[in-house]
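S.K.: What follows is the residue order along each chain.
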Amino acid sequence: MPKIPIGDAVNSFINFLKEDLSWVFDGISGVLDNAISALESFLDFIPPIALIFLLCFIILLVTTKGITIWSFVGLLLIYDLELWSELIRILVLVLVAVILALIISIPVGIWMTRSKTVERITFPILDFMQTMPSFVYLVPAAMLFGIGPVPGLLATLVFAIPPPVRLTYLGITQVPGDLKEAARAFGASDRQVLTKVELPLSLPSIMAGVNQCIMLGISMVVIASMIGAPGLGRVVLTAVNRLDMAMGFEGGLAIVILAMILDRFSRKMGEYEKIFERFGKIKQKLKGVVH
Amino acid sequence: MAKIVVQNLTKIYGDEPRKALELLRDGYSKEEILTRTGQTVAVGGISFEVKEGETFILMGLSGSGKSTVIRCINRLLEPTTGSICVDGKRVEEMDKRELRAFRGQKIGMVFQQFALFPHRTVLDNVAFGLETKGVPKGERYERSEEILVRVGLAGWKAKRPDELSGGMKQRVGLARALAVDPDILLMDEPFSALDPLIRNEMQEELLSLQQRIKKTIIFVTHDLGEGLKLGDRMAIMRDGRIDQTGTGKEIFSHPANDYVAKFVQKVDVTRMLTAEEIMIQPGEILNLLEGPQLAIRKMELCDTDYIFVIGRDRKLKGIVWVKDALKLAEKGEKGIQGILKQADTVHPTTSIEDIYLRMGRTGRSLAVVDGGGNFMGAVTARSILSLLAEGRKGP
Ligand SMILES: Nc1ncnc2c1ncn2[C@@H]1O[C@H](COP(=O)(O)OP(=O)(O)OP(=O)(O)O)[C@@H](O)[C@H]1O
Ligand SMILES: [Mg+2]
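Residue numbers (our numbering), protein chains in the order written: chain R, 1 to 291; chain D, 1 to 395.
Bear in mind the hints are in silico, worked out from the structure with no lab data behind them.
We put the beta carbon where it would ideally sit given N, CA and C, even for glycine.
Just to be clear, a hint being listed does not mean it is correct.
[Unchecked claim] Quick list of in silico lysine-lysine cross-link-like pairs, DSS-like style, CA-CA up to 25 Å:
| id | chain 1 | residue 1 | chain 2 | residue 2 |
| --- | --- | --- | --- | --- |
| 1 | D | K96 | R | K116 |
| 2 | R | K196 | D | K159 |
| 3 | R | K196 | R | K116 |
| 4 | D | K214 | R | K180 |
| 5 | D | K157 | R | K180 |
| 6 | R | K274 | R | K196 |
[What the hints assert, rightly or not] Cβ-to-Cβ under 8 Å is the rule here; a few derived chain D residues that face chain R:
| id | residue |
| --- | --- |
| 7 | R100 |
| 8 | Q113 |
| 9 | A115 |
| 10 | K133 |
| 11 | K137 |
| 12 | Y141 |
| 13 | F263 |
| 14 | V369 |
| 15 | G371 |
Please take these sequences and the hints and turn them into a complete structure.
M.R.: In structure tokens:
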């Protein structure tokens with residue numbers, strides 16, 4: 001039996017993209033590159049200690065005192081290990097990746113619940129994205145976008161998009177039909193059914209998706225350091241290449257600290273009512289101080 | 001003019017309703033159509049009218065298509081064929097915007113399983129219909145709070161639905177339906193999920209509420225007693241068709257066919273009776289101006305330990321107990337004013353179930369008093385017992 005030339009087809013497809021559509025990829029690459037470096041230089045500009053306090057303040061707003069204290073200690077430790085600039089690089093990359101992933105995945109998840117066709121097309125794509133070994137697309141990504149943060153970012157997207165899509169879809173399909181029916185019976189439009197009933201009721205599921213997205217984002221950004229993604233991942237990679245166990249452990253520890261902070265943070269993000277409440281209290285206190 | 005006119009409504013579940021419709025036209029039964037085409041005929045061509053201010057009952061066993069009919073009226077389900085007119089406007093021809101306005105302004109719906117929004121407070125649940133219409137927050141809360149007071153849940157507005165009991169949940173459901181001040185209430189077995197005592201209470205409340213608000217109500221139930229109690233007219237449904245439409249008494253006295261006859265026979269008709277129909281005239285009543293001696297004599301005559309007291313205008317003044325009268329007679333007093341106690345009273349239209357409940361609690365006889373305070377008769381243990389002895393008797 002002759003071998004079907006799938007591999008050859010992919011090869012020539014990538015070559016076609018590279019040669020004839022390079023302006024598209026250069027464009028995307030340029031925009032993302034600029035966004036990333038702008039964010040990086042902004043965060044670099046803030047003195048690390050001030051930034052630690054600022055971050056801990058935000059963490060306190062969203063989570064508990066205990067988590068805030070541990071985060072503070074963890075961040076100080078990373079600073080002390082002289083990994084602060086690498087932390088910022090990985091943080092920016094993760095944040096941009098997660099934001100892009102959510103902008104894409106939540107609407108797709110919603111769309112899947114509205115259209116059988118979309119649902120049927122999306123599931124195999126998600127399976128593909130989640131199970132295709134990442135090394136396979138790291139190389140073409142580097143070929144198309146060059147070495148640097150952008151291909152790493154895009155490879156991360158491939159990995160981070162599926163969970164929030166699935167969990168958004170799952171959350172909305174699990175909203176009881178009689179509640180949607182009741183909403184419609186009281187004159188709600190399709191959009192109102194979505195915003196007033198389906199999204200609030202599927203929020204826990206969607207937030208689990210956000211959490212997954214962040215965690216997978218971190219792990220993938222580390223892998224993406226192989227094609228030039230900067231940050232803590234590269235520290236670890238370099239350490240492995242040099243067989244430098246001390247440096248590898250320090251970098252790895254910093255990644256664990258970052259992952260734990262982001263995990264706890266994103267778990268608590270769904271309780272937005274409490275967050276608003278705390279925010280309101282602080283605002284009032286500030287007003288009291290001013291007067 | 002009729003408020004709601006349903007003509008020839010059919011609803012077929014499945015992807016080939018056409019085939020099923022043809023068979024339906026040729027007179028095949030629901031079951032035959034299901035085996036031949038795989039299509040479920042939930043509603044197979046029914047027509048009825050509901051008058052303004054009337055409570056219309058859709059009655060039938062499980063699966064007879066009641067919920068489907070009620071959902072076609074506001075097009076939560078698209079009718080397969082047929083027409084539905086509300087206030088002369090064809091519901092099935094409305095476009096999306098008209099339909100939203102129609103649902104939001106004309107119709108309030110109450111569901112069997114409450115269908116309250118768990119993520120919203122009681123107040124926000126009640127305000128939902130106003131919210132979808134874009135009524136500003138202050139106004140919709142004000143209106144919703146008024147309604148909550150009316151259903152007796154004023155103090156509960158900040159609670160979530162899962163903190164309420166079943167009866168309270170359905171009060172919220174009712175309040176949510178009333179908040180938009182609709183002309184029409186669609187109620188799909190609203191009280192079936194409640195336990196009997198609460199159900200009875202809610203029925204009474206709906207009755208007294210309806211006396212004030214005079215909505216047009218379509219009420220689905222499979223409980224004939226409930227239908228008879230609440231409805232002005234009812235339609236008996238079977239397998240997606242209406243067997244008979246009429247008032248309870250019409251259906252009882254002239255069942256259209258064997259099925260209806262069997263259906264209504266199952267019901268304990270004594271449950272339809274009211275205080276007026278079972279009260280007796282007590283052997284003796286005391287006039288306000290008569291003295292304790294006479295009171296004692298009269299009580300001896302009819303072998304009771306109490307006597308109802310009326311004024312010259314035939315209005316009920318109270319009750320006198322024999323032990324009090326005896327004490328008074330010993331002291332040699334003339335007037336009975338000092339020993340006059342408040343009597344337990346019921347309205348002539350109070351249902352027998354409520355009478356059972358009240359007498360069961362106190363064991364005392366009840367005076368039947370109309371809206372003007374006039375004494376009409378008494379319901380005593382003896383009248384209840386004789387009713388039970390007679391067994392199932394027709395109205
Ligand atoms: N979504 C659906 N798909 C297919 N068949 C349905 C659907 N909903 C209802 N049916 C069928 O339509 C018929 C009428 O159902 P409907 O729910 O209107 O009955 P009902 O009188 O309200 O019964 P119940 O007292 O159990 O609520 C039943 O035979 C039911 O199996
Ligand atoms: Mg039903």
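S.K.: Between the alpha carbons of K157/D and K180/R, is the straight-line distance 25 Å or under?
M.R.: Holds - the C-alpha atoms of K180/R and K157/D are around 22 Å apart, at most 25 Å.
S.K.: Does K196/R sit within 25 Å of K274/R, going by the straight-line distance between their CA atoms?
M.R.: holds, 19 Å
S.K.: Taking only the CA atoms, is the gap from K96/D to K116/R under or equal to 25 Å?
M.R.: holds, 22 Å
S.K.: Is the hint on G371/D kept, meaning its closest Cβ partner in chain R is under 8 Å away?
M.R.: Since the shortest Cβ distance to chain R is 36 Å, the answer is violated.
S.K.: Please verify that hint: Y141/D, Cβ, nearest Cβ of chain R, below 8 Å or not.
M.R.: Constraint on Y141/D not satisfied, violated at 16 Å.
S.K.: Checking one constraint from the list: CA of K196/R to CA of K159/D, max 25 Å. Satisfied?
M.R.: holds, 18 Å
S.K.: Taking the closest Cβ pair, is A115/D under 8 Å from chain R?
M.R.: Holds - the Cβ of A115/D comes within 8 Å of chain R, reaching about 4 Å at its closest.
S.K.: Under 8 Å is the threshold here; is the Cβ of K137/D close enough to any Cβ of chain R for the hint to stand?
M.R.: This hint is violated: K137/D lies away from chain R, its Cβ roughly 14 Å from the closest one there, beyond 8 Å.
S.K.: Holds or violated: are the alpha carbons of K214/D and K180/R at most 25 Å from each other?
M.R.: violated, 28 Å
S.K.: Using 8 Å as the Cβ threshold, decide whether V369/D counts as touching chain R.
M.R.: It is violated, given that the least Cβ distance between V369/D and chain R is near 41 Å, above 8 Å.
S.K.: Can we keep the F263/D interface hint, with Cβ of chain R closer than 8 Å?
M.R.: violated, 28 Å
S.K.: Straight-line Cα separation of K196/R and K116/R no greater than 25 Å?
M.R.: OK: K196/R and K116/R at ~23 Å, within 25 Å.
When held up to the earlier numbered hints, the structure conflicts with 4, 11, 12, 13, 14, 15 and fits the remainder.
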